[in-house]
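Novice: Put the two chains together into one complex; each comes in its own frame, and the hints tell you how they fit.
The listed protein sequences derive, respectively, from chains A and B.
Residue numbering for the first sequence follows the working numbering, starting at 1 and increasing by one per position.
Residue numbering for the second sequence follows the working numbering, starting at 1 and increasing by one per position.
Rather than coming from a laboratory, the hints here were simulated on the basis of the structure.
Check the hints yourself; a few may be wrong.
Stated by the list, open to error - Here's a subset of chain A near chain B, in silico, CB distances under 10 angstroms, partners left out:
(1) P201
(2) E202
(3) L213
(4) K259
(5) L260
A quick note: this is a predicted structure, and the numbers were derived from the prediction, not measured.
Where is the CB? At the ideal position from N, CA and C, for every residue including glycine.
So you can see what is in the structure, the chains are spelled out below.
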Amino acid sequence: MDEVMAVFTVEAREQLTAMEEGLLRMEQGDRDPETLNAVFRSAHTIKGGAGVVEIHAVEKFTHVLENVLDRLRNGEIAVSDQLVTLLLRGCDHIGALLDTVEEGNPEPGGELAAAGVAIADALRAWTAGPPVAGGAGVAPQHPAGEVHRAGGDTAISDCWHISVRFGQNVLRNGMDPLAFLRYLLSLGEIAHMTTLADALPEADAMDPEACYLGFEVELRSHADKAAIEQVFDFVRDDCDLHILPPNSRIADYVALIEKLPEETMRLGEILVGSGALTADELARGLALQQGQAEEAPDAAAPTIGEILVGQSAVQPEIVEAAATKQKQVSDRKAAEARLIRVQADKLDHLIDLVGELVIAGASANLLAQKSRQAHLFEATSILSRLVEDIRDSALQLRMVQIGETFNRFHRVVRDVSKEIGKEIELTIRGAETELDKSVVEKIGDPLMHLVRNAMDHGIEPTARRLERGKPVAGQVGLNAFHDSGSIVIEVTDDGGGLPKEKILAKAVARGIIAAGQNLSDAEIANLIFEPGFSTADQVTNLSGRGVGMDVVKKNITALRGTVEVHSEEGLGSRFTIRLPLTLAIIDGFLVGVAKASYVIPLEMVVECLELPFDAGDSHYLNLRGEVLPFVRLRELFEVDGGRPPRENVVVVKAAGRKAGIVVDALHGEFQTVIKPMAAIFRHLRGIAGSTILGTGEVALILDILALVGLASANEVAVPGALPART
Amino acid sequence: MGKVRRVAIDRNMTIYEAEPLKEILLNELRGAPEGVELDLSRVGEMDTAGFQLLVLAKNESRRLGRDLSIVAHSAAVLDVIEFYNMLAFFGDPVVIAAEAAR
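Only chain B is shown next, with the shape it has when bound in the complex (with noise of 0.2 angstroms):
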């Protein structure tokens, strides 16, 4: 799985960053036909911005076709996707992620 695209976020992930955040994440995607996984364990903070864009991000990969996966969260990225309850929404390798992260 050679190709598989990682992909660290070592920003926070909030309205400001939003724009920015939203090319990368989509040209990251777009760029990557076996997939990515995104490690964001560096992510200091999130907000709903933020958050939105994984969902477009993971939207999206359903739509082309790819894998989108979470490989590592940060607390605080952690804590935002449990308090909406979307752990379930961004798929198994994620709950599996979140589990070894705490």
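Same shape as in the complex, but just chain A (with noise of 0.2 angstroms):
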């Protein structure tokens, strides 16, 4: 696939997202002219985008759709959900045959091709209403029924037409037609092109340094009328300018033949000869303008101004219809300028570099501090202090709303709840937290089974709700906000929550636990992820479709986030997952056990302090009179030799949990770039990654929500028993 096809797909993607938006809002009342305005657009850029790269079967299906939306816009039809139910699967089907495309086939295959006859079928049944009269503005200086008539009587041409009559002294000013006709290229694609050489006199009469040539243009293009314009400024002085916007009415066009200087049967043969016209809307323009020229004989041969003063006066509506268009159009097009697209890669490669600066910039830095040079340890100072802030911005490019991926679920939600029969709403919050990209884009899937859990064994059906005194419609939320470093997703359901009685049968009858044992409430609802633990007898088309929450807990823990649920009985559930906020760089805190270092993240630590004497060999320790189980690293990683004669316990939290963790010696903050463990270290506990040290050492990472759950999982065990391996 080439890169314009790519560029294609992407952008039609994003529209397609904006539409189904627009699309929900609409269904859920929103009466803003300006939301199927959007929609439209979407509709439109799509059309356009499709048409310029050639792919038909999207411009086709979606001229259907468009003509659906335009109706809507005219008011001749109204919202329902059944319309909405219909557009929204226009737009799935563009999806579809945007995936084709994707995997390099421009036309769809049969099935495909099929469904999208099926559903532009039903779309036409919504364009086959009677027409309704337009032409509200009816222009003051003219015959109403005249207007009256043309008002609804628009070309189909979805081409901006573009007549260009050159001065005589524009090639002789240095500037050649030839240029700005091509300019137009980088606004769309011109989609006919006649060059009229009726002007040019005779032979011997010729100037050949003048110019006597003219153009009628059609230009795909979803430009404004201003950017056109635009193109022409060079020559605005020196050239007789007509543009008409796609889909102008006739009457436009045949006001237009008036006040051109060629012949009007002439010039009638070019518009339908470049698709601006067809035969048949020409000949009805004619007419119409035959019984008006019969009352009003205006011979006069109007200057450019009065023909643009006059535009403006006869077709009112229309202009005013273009205007706001443009300026929405323009709108868009500042905001879009704030964008600028980046070739993923090419941020991973700036990250990367970015990392190993931090790296480098830590060993400069250490150098600095052994040479005992104050100048020097100045200067790596600062450095260091840029290098953090290069990559703290580095970082926050990758960074992007969870929003986006949150949005997606209206439609899931809505699909859903229709497929179910549930009466189902879903509630967004903290739409705006900001994460990583690259954890966004793996978020989707497990978010998605989390999702439709909720909506499928989650909320209850309506009766049992109205048993349980309960609102009909059930309430599935998505959450999201920073916790202390990490990024922290909730999925939330007001249901029935999780039948812990059958979690734990179940997980007797899979031999997860041996029966009879003692389980915590929170133990038990968290037995779900455990693999193996399938939700079989349940299976229905929603949810139990082979991905199990054990694969959820995968992807996430791949992700080194976690997840929990907590559930009430006849409540609901909710799910909690946490992951770091990037993948890449985190802020650590360096510490010894023997000669060997470790690294902590920083985020995680509450505090340090020696560890007191008294502590001896237990596992916990009186830290202001609250329990502290901690670990010592020296045991858990079976490090040689003999505890040092003062050891440092350093206090983290995770997941709302505290725990020490004892070590030799304390080293201080160290910015570093985790180096993902490879493959063969994967089922190593307690390791999260590890780093290279300025020195050129290597340090280990700890995975300190890991530890934290050994140290508690020793303090509720005998204390002292600690396996000497884990």
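Specialist: And the structure:
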């Protein structure tokens, strides 16, 4: 797939998303004309783009869709659930067509094509209603009847029509019409070009340095009128320029024909030949014009100014519509101009480089410190501060708001609730919470599973809800917020909660736990994430599609995250996903055990203190009246050598639980780039990754969450019975 | 058809050459009752002025009832004529020649 095609599909998908959002809002009662306009614009953009890259399947289909939207916009048909569903299906079809385009087939296969025809036919049913007389804004100086008749009669052409007659001096002034016309290509596609040499005089009278040419151009473009006019800015005084927007009224074309110097019939032929008008449209237009001419014979050749004034006088409603549209387009353009599309791998490369810079900076810093040269030390300090800033900004580049991911679920919830016949509302909070793009990309699937699960298994059937005295509409919530260096995403529902007994029974049956094992409520609930815990007996076509909760957990763990469920029977469940903000760089706290160095993510460090002498071999200590379980890294990693006389405790907090990590030495803050562990180390508990110190030595990054879990487990188990190996 | 005059233009066809070009084209055309074959294969540049002269020559040839055909196009010439969508205007031989030139 070439680059243009790739850009087209990406942009078309964005437009599709926008359309979908708009349609959903309309279904929920949003009657703001701007919403509909935005949907229409998106459809139009997709159609235009498809035309430019010549994906005719998309272009044709979107055209049908657009016609329906146009009727909606004109108030000829009303918004209904049925219509929105159909339009959404149309969006899906466009999405499917884009899929095939991405696979390299510009034309859809038989099945998809058939589906498209079916949807298109259904859509056409909405456009087949009786025509409603348009022409609301009747021109004052024209017989009302005439204008009224012309009101709804617009040309089907979707191109801008540009008529330009260059002045004689253009060439002599060093300007070449060729250049201006070619520049139009930057705005869109020239669907048809007619060169008019009618003004060329007899050979002897012709001045070879004068320009006698005129052009009729059909331009397929999303540019607004101002942008097209700008192309001709340099010759504005020296040319006669007329621009008709796409789908102009036939009367406008007729008016244009009248204004142009060439003969009416010749121009008519040109317009028909270039596809601006159909022969039928032309005939109707001319007949109308004749009727007008008899009433108001006016043969004086108007100036350009008069033409423009005349045009706006003749069709105020169209001029106004065009102006609004142009304004919207340029507003959007302005918003787009603040964004730059960058290839993701370029960004990744930058982050990689910044990562190396951080390591190199740390190394320089270390050397400077050792050299004891104050100036050098100062310089490297400033340098490392700058490196830190660069790192932050570089990472910020990758940060995206989670809202976009969340918003996709409006559609999911809508469709699923219709499908399973439950009334469900989706509430989104914290949509502006930012997280790393690579995380966002990977969190979509687990979230989808959790949301579907909440709708399917969580929310009870309507009858049951009424029985329990709950509102009929079930609530599914998506919530995101930042919490001590991680992002937390919650999927909540106000459904029945997890059936504890059933889970317990199933877990025993599957051999996940032993019968009679004593488990807390939280532990029972979290059993659903265990591999092999299938919900096979409640398979519906929603969840239970072969992806179990254990896969959700695996996906999230792969992102160095955790997932937990908190559930109360009868009241609902809350799935909490906790993810690191970024996968690449962390602020670390460097500690030492014997000769080895370890890194603890700084955001998890609460405080450091000396291990009280009386702690002995126990695995908990008294922290200001609080029991703090701790683990000795020395023991955990089986480091040789005896304990030093003084040990230190780093108090860490993860997922709401505190624990101590006992180490020999504290080395202080250290910025570090995470190097993922090779696959063979994947099962190593307690290690999240590795990094390279300024000295070139390798330091292991501790998986605090696992360590806290371990410490807490010890707390419950017999004190001192810490397994030597994990 | 020995009398058909073959004229090769071996200079740019732009506004800078427009004045002499016009003389050349018209003189050749008027001095060749059987018509003119233009060889434009060595035209390095063409602008609207040059293009316009071709149109003029074509018009004049029609007025005189003589043939004017372009038997060879350079890329630049073809580019302009195609952009202006005027291949058909210059007639069939041109289109055929253009196809061959591709």
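Novice: Hint by hint, note whether the structure agrees.
Specialist: Hint-by-hint comparison with the structure:
| no. | hint | in the structure |
| --- | --- | --- |
| 1 | P201 | holds (9 angstroms) |
| 2 | E202 | holds (8 angstroms) |
| 3 | L213 | holds (6 angstroms) |
| 4 | K259 | violated (23 angstroms) |
| 5 | L260 | violated (18 angstroms) |
Consistency with the previously given hints fails for numbers 4 and 5, ordered from lowest to highest.
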